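Protein chains in written order, with my numbering: chain R, 1 to 293; chain G, 294 to 564.
Calculated from the structure, these hints are not laboratory results. It cannot be assumed that every hint is accurate.
Claimed, not checked - Sample of chain G residues with no beta-carbon within 10 Å of chain R, all distances over it, derived:
(1) Pro356
(2) Leu358
(3) Leu362
(4) Phe396
(5) Ala410
(6) Met411
(7) Leu452
(8) Ala460
Unchecked claim - Some chain R residues near chain G, calculated using beta-carbon distances under 8 Å:
(9) Phe60
(10) Leu109
(11) Ala136
(12) Gly258
(13) Asn259
(14) Leu272
It should be emphasised that the depicted structure is a prediction, and the values quoted were computed from it without experimental measurement. Note that the Cβ used here is the ideal one computed from N, Cα and C, for glycine as well.
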Amino acid sequence: MTTERWAAIGFLAPLIAYLVAFYIFPLYRNIELSLHDYTPVAFVTGNARFVGFDNFIDMFTSRTFSTALRNTVLFTLISIAFQFTIGLGLAVYFRKVFPLSRLLRALFLVPWLLPLIVSGSTWAWLLNSESGIVNAALRMLGMDPVNWLVSPDTALTSVIIANIWLGIPFNLVVLYSGLQNIPGDVYEAALVDGASAWRTFWSVTLPLLKPVAAITLLLGFVYTLKVVDIIWIMTAGGPGDSSTTFATWSYREAFGTGNPEFSPAAAVGNVLILIALTMGAIYLRTQRRMDAS
Amino acid sequence: MTTRRWIKTLPALCFTAVMLFPVYWMINVSFTKSSDLRKSNPHLFPVDPTLEGYTAVLSQQLPSLGTSLLIGLGTVAVTLVIAAPAGFALAKLHMRGRGALNFALLAAQMIPGVVMAMGFYAIYLRMGLLNSIPGVIIADSTIAVPFGVLLFTAFMSGLPNELIQAAKIDGAGTWRTFRSIVLPLSRNSMVTVSLFSFLWAWSDFIFASTLARGAEYVPVTIGIYKYMGNNTSQWNAIMATAVIASIPAAILLVIAQRYVAAGVTAGAIKD
Chain R
1 MTTERWAAIG
11 FLAPLIAYLV
21 AFYIFPLYRN
31 IELSLHDYTP
41 VAFVTGNARF
51 VGFDNFIDMF
61 TSRTFSTALR
71 NTVLFTLISI
81 AFQFTIGLGL
91 AVYFRKVFPL
101 SRLLRALFLV
111 PWLLPLIVSG
121 STWAWLLNSE
131 SGIVNAALRM
141 LGMDPVNWLV
151 SPDTALTSVI
161 IANIWLGIPF
171 NLVVLYSGLQ
181 NIPGDVYEAA
191 LVDGASAWRT
201 FWSVTLPLLK
211 PVAAITLLLG
221 FVYTLKVVDI
231 IWIMTAGGPG
241 DSSTTFATWS
251 YREAFGTGNP
261 EFSPAAAVGN
271 VLILIALTMG
281 AIYLRTQRRM
291 DAS
Chain G
294 MTTRRWIKTL
304 PALCFTAVML
314 FPVYWMINVS
324 FTKSSDLRKS
334 NPHLFPVDPT
344 LEGYTAVLSQ
354 QLPSLGTSLL
364 IGLGTVAVTL
374 VIAAPAGFAL
384 AKLHMRGRGA
394 LNFALLAAQM
404 IPGVVMAMGF
414 YAIYLRMGLL
424 NSIPGVIIAD
434 STIAVPFGVL
444 LFTAFMSGLP
454 NELIQAAKID
464 GAGTWRTFRS
474 IVLPLSRNSM
484 VTVSLFSFLW
494 AWSDFIFAST
504 LARGAEYVPV
514 TIGIYKYMGN
524 NTSQWNAIMA
534 TAVIASIPAA
544 ILLVIAQRYV
554 AAGVTAGAIK
564 D
């Protein structure tokens with residue numbers, strides 16, 4: 001073996017040790033948790049009963065399952081649809097250079113850089129039933145105030161609204177940088193051909209942006225799927241299960257009550273990993289196809 | 294001509310105002326007197342502002358802010374130490390199995406935080422690392438390390454090979470080449486990785502709320518969360534803490550705009 005090979009191993013060794021200790025081992029522990037029946041006592045002593053797939057069967061037959069599934073699908077799809085459309089609209093808008101455009105575009109990053117607890121508590125106060133500004137505005141417009149966070153009918157909508165707000169900056173930045181990579185002469189050609197702005201967007205911008213758009217959507221999906229903080233901070237998944245997703249369900253079982261149920265929580269978590277990794281595989285394939293073309 | 298140029302600015306100003314309204318509202322509420330908080334029509338501006346929220350923060354949350362700062366800096370250190378050499382090896386030292394490692398790093402970013410938290414909890418309980426600052430630092434670094442490696446790899450791949458060969462001819466070993474040539478040239482990507490790992494650690498809620506909630510000094514995110522649970526009437530103090538907890542993000546935005554944009558793009562698209 002050459003010295004260069006040894007050097008390369010030396011440079012990579014910390015990373016590999018790190019990945020094994022702080023990714024693979026926790027993931028292994030998680031799978032192990034989901035196949036045993038861990039009580040808090042067994043958790044300390046380490047001898048829990050092996051129960052096979054019982055935790056998974058319990059999960060699929062649980063009353064929460066169908067609600068969590070529905071909420072997870074709604075939360076992810078609606079959030080992404082709005083984040084992406086608004087982000088794309090803004091990116092196209094900001095592509096034109098006008099006074100203050102750089103500054104305003106930078107300000108759009110603010111919601112994304114704030115700690116989630118800050119955004120979550122701010123939205124909780126904005127949507128507060130009695131003293132929130134949103135209800136004050138509704139009253140001014142002559143509409144009935146809404147019990148945003150405490151009514152089972154609107155809790156999910158509330159967290160989706162906050163999550164859309166959080167995701168716009170990411171979509172804006174990534175799509176904007178995708179637009180920057182479209183060569184200007186394509187637009188000049190469209191202009192010469194007399195294409196309208198709308199036509200240019202559909203026939204030039206959108207097709208050329210497709211690879212970047214695909215990746216933005218996939219990443220958005222993977223990130224939205226694992227959101228816990230914003231939902232937990234605003235509604236803790238409630239009232240009842242009305243805003244519970246798989247991620248918050250898992251969090252609640254393990255850490256949300258005084259009585260940790262790690263084994264069921266790990267089972268839900270493992271399903272979440274499977275979905276995320278499937279999407280991850282699609283992501284990698286898309287990216288490879290992009291590299292090839 | 295000049296008015297036509299400004300015409301585009303006007304809608305953009307409106308969009309920005311709508312987008313930033315919640316942030317403005319947080320600041321507004323942080324200056325509102327407790328007696329005015331429960332009014333059904335809140336004041337749109339801090340009429341008769343008060344500092345009572347901020348006095349409450351300074352008397353109660355200073356240790357939390359210190360804890361968060363410590364955790365943030367620790368996470369930056371761990372991330373740089375692990376990610377920078379690995380990025381160099383992946384970019385410049387021709388290795389077999391590079392593809393597999395890249396795959397692992399991308400997959401690592403897809404794992405839900407709550408799953409990682411459970412694994413860490415199980416391990417920390419045995420090792421006695423629960424409610425300790427090093428424990429949180431290690432857990433928080435898992436958010437930034439894969440991102441850091443990918444960003445360093447992308448940047449260092451762009452460094453000219455001639456530079457590295459020249460160093461070799463001059464008799465520099467790999468370590469020396471890395472330290473004296475590659476690292477100084479990678480200053481920008483080191484800033485980007487540091488900023489993001491600091492910000493992610495500073496903002497972390499999941500790891501802090503699972504691995505450190507019983508600690509003597511909790512990070513500021515948990516400080517706010519506990520505040521929300523205990524003092525539902527004191528929203529001015531909650532919002533004042535939120536304003537102060539946002540300061541790192543504000544500083545980041547002012548001094549490091551271009552690094553932020555570079556980081557977001559690097560996280561999403563590799564090229």
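> Does Leu452(G) sit more than 10 Å from chain R, CB to CB?
Replying inline: At about 15 Å from chain R, Leu452(G) clears the 10 Å cut-off, so the statement holds.
> Taking the minimum C-beta separation from Pro356(G) to chain R, is that value above 10 Å?
Replying inline: Per Cβ check, Pro356(G) is outside 10 Å of chain R; nearest 17 Å; holds.
> Measuring from the C-beta of Leu109(R) to each C-beta in chain G, is the shortest one below 8 Å?
Replying inline: holds (6 Å)
>> So, as I understand it, the hint says Ala136(R) touches chain G; can you test that by seeing if any CB pair is closer than 8 Å?
In response: Given a least distance of 5 Å, the restraint on Ala136(R) holds.
> Hint check: is the beta carbon of Phe60(R) less than 8 Å from a beta carbon of chain G?
Replying inline: For Phe60(R), the interface hint is violated, since the closest Cβ of chain G sits about 18 Å away, which is over 8 Å.
>> Less than 8 Å between beta-carbons is the criterion; does Leu272(R) satisfy it with respect to chain G?
In response: Status holds, d = 5 Å.
> Is the Cβ of Leu362(G) farther than 10 Å from every Cβ of chain R?
Replying inline: holds (13 Å)
> Would the least Cβ to Cβ distance between Leu358(G) and chain R come out above 10 Å?
Replying inline: holds (12 Å)
>> Does the closest beta carbon of chain G sit nearer than 8 Å to the beta carbon of Gly258(R)?
In response: Since the shortest Cβ distance to chain G is 12 Å, the answer is violated.
> Beyond 10 Å from every Cβ of chain R: is that where the Cβ of Ala460(G) lies?
Replying inline: The claim holds: Ala460(G) sits with its nearest Cβ about 13 Å from chain R, beyond 10 Å.
> Taking the closest pair, is the beta carbon of Phe396(G) still more than 10 Å from chain R?
Replying inline: About 7 Å separates Phe396(G) from the closest Cβ of chain R, which leaves it inside 10 Å; violated.
> Measuring from the C-beta of Asn259(R) to each C-beta in chain G, is the shortest one below 8 Å?
Replying inline: The hint is violated - Asn259(R) has no Cβ within 8 Å of chain G, the shortest such distance being about 15 Å.
Going down the numbered hints, you'll see the structure goes against 4, 5, 6, 9, 12 and 13, while the others check out.
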